[in-house]
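Peer 1: Residue numbers (my numbering), protein chains in the order written: chain A, -5 to 403; chain B, 4 to 359; chain C, 39 to 120.
Watch out, some of these pointers could steer you wrong.
[Said to hold, decoys possible] The following label-pair restraints were derived from C-beta to C-beta distances:
1. C:I107 - B:P210: 45 to 51 Å
2. A:E71 - B:D68: 34 to 40 Å
3. B:A297 - A:D(-1): 47 to 53 Å
4. B:F329 - A:K232: 42 to 48 Å
5. B:S251 - A:P250: 45 to 51 Å
6. A:K370 - B:K32: 45 to 51 Å
7. A:E332 - B:A234: 54 to 60 Å
[To be verified] With a straight-line cut-off of 20 Å between C-alpha atoms, the simulated EDC-like cross-links for lysine to aspartate or glutamate are:
8. C:K116 - A:E225
9. C:K62 - A:E392
10. B:K32 - A:E225
By construction, these hints were calculated from the structure, which means they are not laboratory data. Cβ atoms here follow ideal geometry from the backbone N, Cα and C, with glycine treated the same way.
Residue-level listing of the chains:
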Amino acid sequence: MKKYDTPLIDELEKGPWPSFVTEMKRAAKNNEMANDALGHLEKCYKTRVGYWKHGGIVGVLGYGGGVIGRYSELGDEFPGVAHFHTVRINQPSGFFYTSAALREICDIWDKYGSGLTNVHGSTGDLVLLGTKTEALEAVFAEYSSRGWDLGGSGSALRTPSCCVGPGRCEWTNYDTLDLSYALTQEFQDEIHRPTFAYKFKIKMSGCACDCVASIARADMSIIGTWKGNIEVNQDEVKNYAKKGMDINAEIVNMCPTQCISYDGKELKINNAECSRCMHCITRMTKALRPTGERGATICIGSKAPIVVGSLLSWVIVPFIKVEPPYTELKDLIRKIWEWWDDNAKPRERIGEVIEMKGMRSFLEAIGQSPIPQQIKEPRKDPFMFYTEGDIAAFKAKEAEEKKTGKFKF
Amino acid sequence: MALPQRKTDIGPPHYKQFLPPVIQKNYGKWKYHEVIDPGLMVHVAESGDKLWTVRVASPRILATDTIREHCDIAEKYCGGFFRYTTRNNVEFLVSDEKQVEPLKKDLAKRGFKMGGIGAGISNVVHTQGWVHCHSACTDASGLVKAMMDELMPYFESKRLPSKVRLAVACCVNMCGAVHCSDIAVVAVHTKVPVIKHEDFKNMCELPTVIGSCPTRAISPDPANKSVKINAEKCMYCGNCFTVCPPISIKDPDRDGIAIVVGGKVSSLRTSPKFSKLVIPYISNEPPRWPKAVAAIKHIVEVYAKHARKHERIGEWIDRIGWERFFSLTGIDFTFQCIDDFTFMRDTMRTSATFKW
Amino acid sequence: MEMTELQNKIFAFCEAAKGKKKLKEKDIINGVNAESGVDKDEVKKALREMINVGRLMYSYGGGASSVEIPSEEYLREKGLIK
Ligand code: HEM
Ligand code: HEM
Ligand code: HEM
Ligand code: HEM
Ligand code: HEM
Ligand code: SF4
Ligand code: SF4
Ligand code: SF4
Ligand code: SF4
Chain A
-5 MKKYDTPLID
5 ELEKGPWPSF
15 VTEMKRAAKN
25 NEMANDALGH
35 LEKCYKTRVG
45 YWKHGGIVGV
55 LGYGGGVIGR
65 YSELGDEFPG
75 VAHFHTVRIN
85 QPSGFFYTSA
95 ALREICDIWD
105 KYGSGLTNVH
115 GSTGDLVLLG
125 TKTEALEAVF
135 AEYSSRGWDL
145 GGSGSALRTP
155 SCCVGPGRCE
165 WTNYDTLDLS
175 YALTQEFQDE
185 IHRPTFAYKF
195 KIKMSGCACD
205 CVASIARADM
215 SIIGTWKGNI
225 EVNQDEVKNY
235 AKKGMDINAE
245 IVNMCPTQCI
255 SYDGKELKIN
265 NAECSRCMHC
275 ITRMTKALRP
285 TGERGATICI
295 GSKAPIVVGS
305 LLSWVIVPFI
315 KVEPPYTELK
325 DLIRKIWEWW
335 DDNAKPRERI
345 GEVIEMKGMR
355 SFLEAIGQSP
365 IPQQIKEPRK
375 DPFMFYTEGD
385 IAAFKAKEAE
395 EKKTGKFKF
Chain B
4 MALPQRKTDI
14 GPPHYKQFLP
24 PVIQKNYGKW
34 KYHEVIDPGL
44 MVHVAESGDK
54 LWTVRVASPR
64 ILATDTIREH
74 CDIAEKYCGG
84 FFRYTTRNNV
94 EFLVSDEKQV
104 EPLKKDLAKR
114 GFKMGGIGAG
124 ISNVVHTQGW
134 VHCHSACTDA
144 SGLVKAMMDE
154 LMPYFESKRL
164 PSKVRLAVAC
174 CVNMCGAVHC
184 SDIAVVAVHT
194 KVPVIKHEDF
204 KNMCELPTVI
214 GSCPTRAISP
224 DPANKSVKIN
234 AEKCMYCGNC
244 FTVCPPISIK
254 DPDRDGIAIV
264 VGGKVSSLRT
274 SPKFSKLVIP
284 YISNEPPRWP
294 KAVAAIKHIV
304 EVYAKHARKH
314 ERIGEWIDRI
324 GWERFFSLTG
334 IDFTFQCIDD
344 FTFMRDTMRT
354 SATFKW
Chain C
39 MEMTELQNKI
49 FAFCEAAKGK
59 KKLKEKDIIN
69 GVNAESGVDK
79 DEVKKALREM
89 INVGRLMYSY
99 GGGASSVEIP
109 SEEYLREKGL
119 IK
C-alpha cells in the first residue's frame, strides 16, 4: 500500500478532542480506499480546494436513492477514491443498537467499502463513506438480506428521524420512536423512488426542547405537546429551593408568559396562560410534569438558506393526536404532498411553494381552518384577497345580526 | 461465493430489538433524570428502575474498528446495548450501577472523552467538507477538531449559563441546523464564478442555470452558447455551480469563513431563532484555523461572563441589544452585518431608542 | 392496452425527450396518460416494472431526480448486458 506523507492533517491528531484523522488512519491500515482518501485529503489541505466532482448517477436497480455518487477529479493520482460513493443505511429509531447488529454492519462494510463511516449523517442515516460502482448491488444484497434497507436521497422523502423519546426521556408527549418507524414503513415507496419536486424531510421531537432540531431542518416538524395542566409536587419544589435554586430568578422570572408565582413556600402555575415552552419543567423535572391530553403540533416548511433564505417551520396544525395506527397523520401527510406536487416547480421545497402560492391555498387544500395559534401577528398591509364566498359569508353574518340585534365580530 | 437474495422496501429493523431490558420494561414510564456530571446522567423510572448513561465524544467520522471498540465496551458493561445521539456522541446505557465506575475507568484508559451533558458545549453538528463534498469551501471535520481542542473544558467539566450549540457548515448550503446554532461557522465564497463556456452546452440546462440564481444575476450568452453573470448582482452563493459544474466558484485565496451567533432550535422560554452574522470574513487557514478558533472562544467567554443563568446566547443578546453585543465583544461592525437581501425590512432599527 | 404495448409507449415518450428535457416520473405518467388515455396508476405500474428490470432508470442531476433511458455502461454494471 502506498504510504502518504500527511504533515498538514497530522496536525489534527494533536489535542484532546477525538481526531477524525486518527479514524481515517485506523481505517487506512488495511484498506486501500481509506488510505487514498487520506492522501486526497492532505492534498485538499495543501491547496485549500476540494476535488470531489458533482454527484453522478449511481444506485441500485429499481431504487432512485440511497446511494450518492461521488467521484474525484484526481482519480489517477488517488485511484482508491476515483469512485467513492456514499451508501445511506436507514437507521433504527432513536439510534439504538446492539453490538451484534453493528458488528454485522461493520463486517459487510469492510468487505466492500472504505471502512469509513459517519455515525450518523445529519439526515439520520448511518452513512457509509466510499465504495465503488461495481460493489453497489452486492452491498445492497448483503445489507437488505440481513434486514437493513437504504435511506432516501434525491427528490424523495428523506429518511425520517426522531428524538430518543419514550426510550429514555420523561418529557415526551408521544411515542417518537414508534411514529418514526411507522412513517418510515408506510412511505417506503416515497423514500426509495423519487417522485417529488424536491426533497421532503420529516423529523419528530417529543417536546418543545426539540432535540432533533425539527423546527429548523424538516419540511414537516412534529413536535410533542399537551393540553392539560402542569402538575406540581410541592415537596420536590421545596427540595430544589433547599438545594439552592433561586426559584424566583430562575423559574418565575424566566417564564415567558409570567404565569408562575412563588411565595417562598408554594409554587403556583396559572395553566390557562402557560404556552408550554418547557423551561420550568426542564429546570425542575422532579417537581413538575404535564398531565392531560397528549399529542403534537405540526409545523411545515423549514429549510436551509439555498435559494433565497432559510425558513423555520410554521405552525399549521396546533394539535393532533398521535396514536397508532396514525391514520389521521398519514392522511394529512398525503394531502400535503398532493398540494405540493400540484404546485411546485422543480427544486422547490414546500415552504417556498407556500410563500409563492399563499398560505390560504395550502391550508384549504389540507382542510385546515385559520386560527390565531398559527401566527405571531395578523397581517400589516391592507392588500388582501376576498373571494365571493368570503363576502357572502360576511354578509350572511350581518344579516343574522340584524335578526338577533346583536353584533358578532 | 453467491450473494444473498436482496430484499426491497423492508425499511429499518424494528427498534425494540435494540432496546436494553431496562428500557423495554420502563418504556415511556420515565419519571425524572439527574445529571451527575457532564459525562454521566441517571434516568429514574416510575418503577424505581434506574438507567445510567455515560456519554462520550465522537469525531463522527468513524473507522469500523472504532465502532467495534464501542461494541467491545458495550458488551463488557452494558449487555451490548448502546446508542448514538443526534449530535453524534456515543452513549453507553448501563442498567447495573456497579458497572458505572469500571466503565468510566475503562473509557478514560482507552482515551475516550466523557462529557457533553447539561449547560456546557456538546459535540459540533457539521457537514462533510473536503472529506466528502464537492461544494466545500473548507473542511468541516478539521474546523470542528481545532475548535473543540480549544473548548474541551466546556465539554468535560466547565459550565456555562446555558447550553452552547456549535455547528460548522462548509458552504452556504448549510446541511444540518447550522442556521439556528448559538455559534456557527459558515464557509463562504467571495468571488463571482468563472464559466467554462466550451463545456456549458454539454453539461448544463440553460433554464435550470438561470433559474438557480437567487439574485437573477445570470442571463443567456448566445454568442458563447452559454450564460453570463452580472458581477454587480452576484453574492457568491454557488447555487449555479451546484446545478452546472462548468461554472467554477472555488478560489483558495478568497474562500473564507464567516461566524454567525445567537440561534436556537428549542422553544424553551423564547421562540427558535436564526443565527445572525457577526464576523463576515476570516481567511481559510487549514489545518488549525487559529483566528476562527480564537474568535469562537472569545465569544463564548464574553457570553459566560455577562449572561444570566439559563440564558442562551441569543436570549442574552436580545436582552442587552446587538449594539451592546458588539461593544462587549469588541467585534468590528461591518456593512455585511446589515441585511441587504430578503430580510432588510425586518432587521433595521425603527426607533430612536438604543444604547451607546 | 397490453403491458408490452404500454411499456413501448412509455419508452418512446422517454426517447422523444432524451437530451431535451429531464423527465420526472410524474411528467411521464401525466404525458403518457394524456397521449393514450391509459389510467395513471397503470402507467405508473408499467413504468416501475421497466425501472425494476433496467429498461429505464432513476437518474439525478441539476439538483433533482428524474427518469431516463439507461446507458450501456449502467446496463453492463448491473449485469443486464455483456
Ligand atoms: C459532469 C457533469 C456533472 C457533474 C460533475 C455534476 C456534479 C454534481 C455535483 C457535485 C452535485 C452535487 C450533489 C450535491 O451535493 O447535491 C450535483 C448535483 C446535482 N447535479 Fe450535477 N453534475 C453534472 C452534470 C449535471 C447536469 C448536466 C445536471 C442537470 C442538467 C446536473 C444536475 C444536478 C442536480 C440536479 C444535482 C442535485 C443537487 C441537489 O441535490 O440540490 N448535474 N451534480
Ligand atoms: C442545494 C442545496 C443542498 C445540496 C446540494 C445539498 C447536498 C447534500 C448532500 C450531497 C448530502 C449528502 C451528504 C452525504 O451523506 O454524503 C447532504 C446531506 C445533508 N443535507 Fe443537504 N444539501 C442541500 C441543502 C440542504 C439543506 C437546506 C439542508 C437542511 C436544512 C440540508 C441538510 C442536509 C443534511 C442534514 C444532510 C445529512 C448530512 C450528513 O450526512 O451529515 N441540506 N446534502
Ligand atoms: C389601498 C391601499 C391604500 C390606500 C388607498 C391608502 C390611502 C391613504 C390615504 C388617502 C392617506 C392619506 C390620509 C390622510 O392624510 O388623511 C394615507 C395615509 C397613509 N397611509 Fe395609506 N393607503 C393605502 C395603503 C397603505 C399601506 C399599505 C400603508 C402602510 C403599510 C399605508 C400607510 C399610510 C401612512 C403611513 C399614511 C400617513 C398617515 C399619516 O398621515 O400619519 N397606506 N393612505
Ligand atoms: C393603491 C392606491 C392608492 C394608494 C396606495 C394611495 C396612497 C396615498 C397616500 C399615501 C397619500 C398621501 C397621504 C398623505 O399625504 O398623508 C394619498 C393621498 C391622496 N390620494 Fe391616494 N392612494 C391610492 C389611490 C388613490 C386614488 C384611487 C385616489 C383618487 C381617485 C387617490 C386620491 C388621493 C388624494 C386626493 C390624496 C391627497 C389627500 C390629501 O391631500 O390629504 N388615491 N394617497
Ligand atoms: C460529511 C460530508 C458530507 C455532507 C455533510 C454532505 C451533505 C450533503 C447534503 C446536506 C446534501 C443535501 C442533498 C439534498 O438534501 O438535496 C448532500 C447531497 C449530496 N451529496 Fe453530500 N455531503 C457530504 C459528503 C458528500 C460526498 C463525499 C459526496 C460524494 C462523494 C457527496 C455527494 C453528494 C451528492 C451527490 C448529493 C446529492 C444527493 C442528494 O440529493 O441526496 N456528499 N450532501
Ligand atoms: S425533544 Fe423533548 S421528548 Fe424528545 S428527547 Fe428531547 S427533551 Fe425528550
Ligand atoms: S412551560 Fe414555560 S410558559 Fe409554561 S409555566 Fe413553564 S415556563 Fe411558563
Ligand atoms: S454545507 Fe455545502 S459543502 Fe458542506 S457538505 Fe453541505 S453542500 Fe457540501
Ligand atoms: S453564485 Fe449564486 S448569486 Fe452568483 S451567479 Fe451563481 S447563483 Fe447567482
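Peer 1: Next, verify each hint and record whether it holds.
Peer 2: Now the hints, each set against the structure:
no.	hint	result
1	C:I107 - B:P210: 45 to 51 Å	violated (22 Å)
2	A:E71 - B:D68: 34 to 40 Å	violated (26 Å)
3	B:A297 - A:D(-1): 47 to 53 Å	violated (29 Å)
4	B:F329 - A:K232: 42 to 48 Å	holds (43 Å)
5	B:S251 - A:P250: 45 to 51 Å	holds (48 Å)
6	A:K370 - B:K32: 45 to 51 Å	violated (36 Å)
7	A:E332 - B:A234: 54 to 60 Å	violated (42 Å)
8	C:K116 - A:E225	violated (61 Å)
9	C:K62 - A:E392	violated (50 Å)
10	B:K32 - A:E225	holds (16 Å)
When the structure is compared with the earlier hints, violations turn up for hints 1, 2, 3, 6, 7, 8, 9 and for no others.
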